[in-house]
Amino acid sequence: MKIVVCVKQVPDTWSEKRLDPADQTLDRAAADGVIDELDTYAVEEALKLKESLGDATVVVLAMGPAGAAESLRKALSMGADEAVHIVDDALHGSDALATSLVLAKAIEQIGYDLVLLGSESTDARMGVMAAMLAERLGVPQATLASGVAVDGTSLRVTRMTSAAQEEVAATLPAVVSVLEKINEPRYPSFKGIMAAKSKPTSTLSLADLGIDASSVGLAAAATKVLDSTARPPRGERTIIKDDGDAGARIADFLASRKLL
Amino acid sequence: MNVERTLPTPEARELLEMVREFGRDELAPRAPGAERDAAFPRDVFAKIGGMGLLGLPYAEEHGGAGLPYEVFLQVVEELARSWLTVGLGVSVHTLSCFGLARYGTADQKARWLPKMLGGSELGAYCLSEPDSGSDAAALRTRATTADDGYRLDGTKAWITHGGVADFYTVMARTSDDGARGISCFLLFSDDAGLAAATPEHKMGLRASPTAQVRLDGVAVAANRLIGEPGHGFAIALAALDTGRLGIAACAVGLAQAALDVATDYAGQRHQFGRPLRDFEGLSFMLADMATGVEAARALYLAAARRLDAGQPVTKQAAMAKLFCSDLAMRVTIDAVQVLGGYGYVEDYPVERYMREAKALQIVEGTNQVQRLVISRQLYGQV
Numbered sequence: 001m002k003i004v005v006c007v008k009q010v011p012d013t014w015s016e017k018r019l020d021p022a023d024q025t026l027d028r029a030a031a032d033g034v035i036d037e038l039d040t041y042a043v044e045e046a047l048k049l050k051e052s053l054g055d056a057t058v059v060v061l062a063m064g065p066a067g068a069a070e071s072l073r074k075a076l077s078m079g080a081d082e083a084v085h086i087v088d089d090a091l092h093g094s095d096a097l098a099t100s101l102v103l104a105k106a107i108e109q110i111g112y113d114l115v116l117l118g119s120e121s122t123d124a125r126m127g128v129m130a131a132m133l134a135e136r137l138g139v140p141q142a143t144l145a146s147g148v149a150v151d152g153t154s155l156r157v158t159r160m161t162s163a164a165q166e167e168v169a170a171t172l173p174a175v176v177s178v179l180e181k182i183n184e185p186r187y188p189s190f191k192g193i194m195a196a197k198s199k200p201t202s203t204l205s206l207a208d209l210g211i212d213a214s215s216v217g218l219a220a221a222a223t224k225v226l227d228s229t230a231r232p233p234r235g236e237r238t239i240i241k242d243d244g245d246a247g248a249r250i251a252d253f254l255a256s257r258k259l260l
Numbered sequence: 001m002n003v004e005r006t007l008p009t010p011e012a013r014e015l016l017e018m019v020r021e022f023g024r025d026e027l028a029p030r031a032p033g034a035e036r037d038a039a040f041p042r043d044v045f046a047k048i049g050g051m052g053l054l055g056l057p058y059a060e061e062h063g064g065a066g067l068p069y070e071v072f073l074q075v076v077e078e079l080a081r082s083w084l085t086v087g088l089g090v091s092v093h094t095l096s097c098f099g100l101a102r103y104g105t106a107d108q109k110a111r112w113l114p115k116m117l118g119g120s121e122l123g124a125y126c127l128s129e130p131d132s133g134s135d136a137a138a139l140r141t142r143a144t145t146a147d148d149g150y151r152l153d154g155t156k157a158w159i160t161h162g163g164v165a166d167f168y169t170v171m172a173r174t175s176d177d178g179a180r181g182i183s184c185f186l187l188f189s190d191d192a193g194l195a196a197a198t199p200e201h202k203m204g205l206r207a208s209p210t211a212q213v214r215l216d217g218v219a220v221a222a223n224r225l226i227g228e229p230g231h232g233f234a235i236a237l238a239a240l241d242t243g244r245l246g247i248a249a250c251a252v253g254l255a256q257a258a259l260d261v262a263t264d265y266a267g268q269r270h271q272f273g274r275p276l277r278d279f280e281g282l283s284f285m286l287a288d289m290a291t292g293v294e295a296a297r298a299l300y301l302a303a304a305r306r307l308d309a310g311q312p313v314t315k316q317a318a319m320a321k322l323f324c325s326d327l328a329m330r331v332t333i334d335a336v337q338v339l340g341g342y343g344y345v346e347d348y349p350v351e352r353y354m355r356e357a358k359a360l361q362i363v364e365g366t367n368q369v370q371r372l373v374i375s376r377q378l379y380g381q382v
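Top to bottom, those sequences are chains A and B.
The first sequence lines up with residues 1 to 260 when you count with this note's numbering.
The second sequence lines up with residues 1 to 382 when you count with this note's numbering.
All the given hints hold, so there is nothing to weed out.
Sample of chain A residues at the chain B side, in silico, Cβ under 7 Å:
# : residue
1 : Y187
2 : P188
3 : S189
4 : F190
5 : K191
6 : I193
7 : M194
Just so you know, the hints here were simulated from the structure itself, not pulled from any lab data.
Glycine included, every Cβ here is placed at the ideal spot set by N, Cα and C.
If we strip away everything but chain A, and leave its shape as in the complex, we get (with noise of 0.2 Å):
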């Protein structure tokens, strides 16, 4: 069996995010880049179901510049078996189209059994891969999952959606995004860290997977972000220490503003 995780380097959720004002696309120099730690739910996942399942590989894949290699070998320092990274610069400014189509056609050259991946991403915040890549792949797609269990070919997923809580089934191979609440992502051991030196990574370039370079990138995004506006610092905050009132003060501000 073999599980691919998409992860996604991303800055660091503690820091400032800046887009680069030259072309609105996000200034990676502007913070540290860190793996989206929503994907590192996808590698927690996937590092259990090859403990349950005993025979499995995990594969990382990952598109981005030089830096989404520190996000692959994090994900290596956990326990996964191998990592794949799709670097080219004519990928800059790519939408979330284009990188499904990347990762698409990257996940079929690995081969796959099941993708995981994050609901969606701490940067673009889209929370549309899952179903993209589903329908690009022509395989089934389980979105949201806080559970998932595989047994031969048979895949069940517990779903959390507002309104309720789905138990969905399929048939491998499938696309399954999960949530937060899924597991506990562990941390690295020292000895995860020095084995990642040693396990397989590729790379792969658009001319490795049959891309063309005019498919993809800013000049080929469906939408366009004309202008952008800093955010506007944070007014007067009003601190409420609960002295057991502290709820129908909350109540009172928001009514007092008219949300409630």
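Place chain B on chain A using the hints.
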């Protein structure tokens, strides 16, 4: 704030990044509540044990990571930066493994070290007694020979992890020959006759239990004597060289934490229509604090690199412990001052840091004992 570190390998850098992230996400948020409630976080030590952080400087063949002290101590510093109880705990645990790792026989090491370094067990180091602290060689706990080993009687005091540790490295008297009559033993929490008293009620570091450990006729097999009979004090002192560097690293981590809060606060807080950082009276204070932290880090790392190179570090470890803990005291006091009224209340952590810093001027040899060690070294005395 990013600490600019010099590290020997990319893997060491990844390790430090991982520890920083763990500290920020898992330790710092829990510290205030646990310190208020004096709740020892055993689960945290299980977790960092699983990450391989409870045997870093020891040989890989016994379950350690074979890392130099230069790296291990920076891990301790980062842990202490997020939660002193945890940084100190890792330092003390590592210190309590030192005797066996350095002086144990191959058989003893194969038998006990993997468990001690493996992450599931926690250690304590028992040298001080109610009546012998700085004058450690005056200890009175007795180890008398019995049928197939020894029988230990006495009371150990100020024991970090007393009552929660799984193993105890204990110095006890096997003869009346002063410092040369002390031997080192490995005891376990389930040894009959070993019991910990109620933890002390401390000014700070409340989540880290400190308790007396009573030994009432504890039967110990002969193979749990570490090193030769009478070599216990030498083992204790060698262990303390590394332990003092651990305290120095903890002190730098704590001072860094106080500096982080003070810097952040002075950048955001406005008075007279300007952020505090624009007032030289405060920005120069921050500059002095930052310079002190950097100097302290450089001093303990210089000693660590000597240790890694196999050079003697008794003097340098004492200097590092003295300088770093005095610095942590000053920086934490200054951090309270930078925050003014907010520094004095529990909404910010700096009043806690200040209370915690005081402990570091006392533990593993008071700073007066460090000066004694240093001054004797100046005249070539040991």
